[in-house]
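J.: If you want the building blocks of each chain, they are given just below.
Number of protein chains: 2
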Amino acid sequence: MSRLLIHNGFFITMDEQMPSEFQGWMAIEGDKIVGLGQGQAPEEELTQASEVMDGKGLLFMPGLVNTHGHAAMSLLRGLADDLNLQDWLQNHMWPTEAKFTGDDVYWGSALSAAEMIKSGTTTFVDMYDHMHRVAEVVEQSGLRASLTRGVIGLCPEDVQKAKLEDAIQFAKDWHGAADGRISVMISPHAPYTCPPDYILKFVEAAHELDLPMHTHMSESIAEVEQNVRDYGYRPVEHLDRLGMFSRPTLVAHAVHLNDEEIALLAERKVAVSHNPVSNLKLASGVARVPDLLKAGVTVSLGTDGAASNNNLDLFQEISMAALLHKGVSGDPTVVPAAEALRMGTVHGARALGLEGVTGQLKTGLKADFIALAITKPHFVPHTDYVSHLVYAARGSDVAHVWVNGKQLLRDGQLLTLDEEKILAEAERCFQRLRG
Amino acid sequence: MSRLLIHNGFFITMDEQMPSEFQGWMAIEGDKIVGLGQGQAPEEELTQASEVMDGKGLLFMPGLVNTHGHAAMSLLRGLADDLNLQDWLQNHMWPTEAKFTGDDVYWGSALSAAEMIKSGTTTFVDMYDHMHRVAEVVEQSGLRASLTRGVIGLCPEDVQKAKLEDAIQFAKDWHGAADGRISVMISPHAPYTCPPDYILKFVEAAHELDLPMHTHMSESIAEVEQNVRDYGYRPVEHLDRLGMFSRPTLVAHAVHLNDEEIALLAERKVAVSHNPVSNLKLASGVARVPDLLKAGVTVSLGTDGAASNNNLDLFQEISMAALLHKGVSGDPTVVPAAEALRMGTVHGARALGLEGVTGQLKTGLKADFIALAITKPHFVPHTDYVSHLVYAARGSDVAHVWVNGKQLLRDGQLLTLDEEKILAEAERCFQRLRG
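Note that the protein sequences, when read in sequence, are chains A and B.
Using my numbering, you'd call the opening residue of the first sequence number 4 and step up by one each time.
Using my numbering, you'd call the opening residue of the second sequence number 4 and step up by one each time.
With the rest of the complex left out, here is chain A (with noise of 0.2 angstroms):
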């Protein structure tokens, strides 16, 4: 088997047994990592080693974990701005939506597929239709993903049930496919698009399949008005009494909740996808990050859809997390930079049930690593990489990405998606829907 050594590399883990940065090397085997440590690599790494890269000017660290997007609707990208949320939906994203086909919903995920990889996203979750031609693009990039079929249930029974058996059977045909980075999920879109006995069939299915959930809640003020008057219940505890929150949950956005709703969240170890960009701009509002975060609830971090981003920088959302809530607080020392990073790290594969595969550089966890070129003018002076990280760094400054142990991006270039060919293709998809 192949066996690859990095040394002469600066190295933050994200694994709390470790420093927080230092100079270093890693060992990686097929696809983990095998060895990990400070200083010089020992002499038998280096004999034992197929190939030996030099990291020095590059600063490797787990690769980002992306928990909630739509890939496909990169396509969409600034089609509409400055609208607020319902009226984006209602009038502008879901009539053009309503027209893709399997083919848009490929190359609009394979465009974000080459966006995410470019600024070092190496695992992401993706709630769409058509999702094994997600599936596919996930296959071929080489990225990891918790993909799940996204349900509206607004329709007539007979379409409700073909969607959950479409959901379910991707389940039955992608979880655990190309050789494991696919996981799935099992997702209602959110309460106030699925009545309450149709999410009562998901949560079902989730157990017979023994799959996580995924959900949007609570993202607007009207929509926790509108669960109130429709069926008595703020859209958490709605979501617990039909049964959710007794499998392991991700809810993306969770922005307007009480304090009972948070100790609620806490208590059933929810995880929460925090989007922060995606809510300034459709005007959702600001998430209660640094309550969550003190009750122990698990954050994560997502960009959404390009449509409402409109990029796929995690980066720039790890940013965001960390300068948004001091300022909206007035509390300086809320989400402290190593925080944010956790956010978009270990607290990412956490929220998926992927702690101990990804989100850590650390012997025997799967090789899902980055590498940011740091001699550049935002990263001097070496005063603390983590904070320059999360309050100086971009996506761009990412050169390598490797995952699964292969590499998927090396010096900026995509080694397994034909980057050119899809900035066209995605285009010529564009250009027919608005046709």
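Since the hints were made in silico from the structure, they are not lab data.
Careful, some of the hints might be misleading.
You can't tell identical chains apart in this list, so a pair holds if it fits in one copy or across any two.
As the list claims (entries may be wrong) - Derived lysine-lysine pairs resembling PhoX-like cross-links, with alpha carbons at most 20 angstroms apart:
1. K379 / K424
2. K164 / K204
3. K164 / K175
4. K409 / K297
5. K297 / K272
6. K424 / K59
7. K424 / K409
8. K365 / K35
9. K365 / K409
We have chain A; now place chain B onto it with these hints.
T.: For chain B alone, coordinates are given in the frame of chain A:
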């Protein structure tokens, strides 16, 4: 005189007489834009040109204007994060800055100049000490700058006197220097760091020298309250009573304003430098930008020093300005993309009295412009490049930069500064300061 013709490019001019974006051409002779148009370049332009550049795959726009900063503070990037403003200033910044020599200011400013050019800023404001060393950096780098000796007046009278004389001498020596690329402003540092009678002397000097004024104002709530306690007025009325607004004035931050203050700033035509990232990071709060814009105040954008940002990428400020105020106000229509882009370009020029000089692509203006490489996933599809620049772009997309008709960056490489030497010298300065 050499004449450059750029054709086949994509243009966003920020000139409201032109379409918001178009395919076209631009001609530059000496330091000026001498022609600009849509479609194919006219035959006579092609024959007249001494150099022709193919603009395919590039988006040309005005260089960005960063209206508040402390360039030398990039030496302190990442030194102290996640602290409140007064703690950060008094216990970390000021003690280290007290050790700054002219050499430190030179290399810190050069580090910032390198970062600013590489991320598309062509004009910047700098308020600091040892300003002739900053002016040297401007001279050598080819950037345009509005420089000002920022004076803290909490010192004995003879030191106050010497500092004021230094500020005046700097203005006399450097205003209009470097082929007119340098202009000078007069700056008492802030109402809370300069006694009223001392501020009066700066106002007097600004009148004598016929120069605009620049100061920090109402950055934190504590300083507003202190102003009321010490002087009986909130900062806007305080400065107005001291006659500052009888000069063209640019105030940095302006976070904590009441309705009367906003009305008075509009009436006095005081321009604001909005520094959203720094204000969030120091938990100073969120400026009332939608209200300022509604009142007709010129709102521009600044990074502040790299120690409270922690980079100098003005594209991040543009994006933050467009995102933040939507989320905080709950209104997704405020600060639309085009407005945020104006804040980073033409409003910045106006705030510095440089309207008609820079901030737009327009015949007769100085040739200060940048070109972004847009054949990248995050610029696809071609829906709306104004939206893409604001919500998807980052400074690293900038490939080429020109100021006063002279190219400063080519394919991401600095042409006027020695990047490798600057990074090494900045690191050396920091290690000595920390020492």
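J.: For every hint, state whether the structure bears it out.
T.: So, going through the hints one by one against the coordinates:
1. K379 / K424: between (31 angstroms within a copy, 12 angstroms between copies)
2. K164 / K204: Classified as within; 10 angstroms inside a copy, 79 angstroms across copies.
3. K164 / K175: Within. Shortest intra-copy distance 17 angstroms satisfies the 20 angstroms Cα cut-off; inter-copy 79 angstroms does not.
4. K409 / K297: Answer is neither: 37 angstroms inside a copy and 53 angstroms across each miss the 20 angstroms cutoff.
5. K297 / K272: The answer is within: 14 angstroms in one copy meets 20 angstroms, while 45 angstroms across copies does not.
6. K424 / K59: This pair counts as between: shortest inter-copy Cα distance 18 angstroms, intra-copy 33 angstroms.
7. K424 / K409: Neither: 22 angstroms inside a copy, 36 angstroms across copies.
8. K365 / K35: within (9 angstroms within a copy, 56 angstroms between copies)
9. K365 / K409: For K365 and K409, only the intra-copy Cα distance (17 angstroms) is at most 20 angstroms; the inter-copy one is 50 angstroms.
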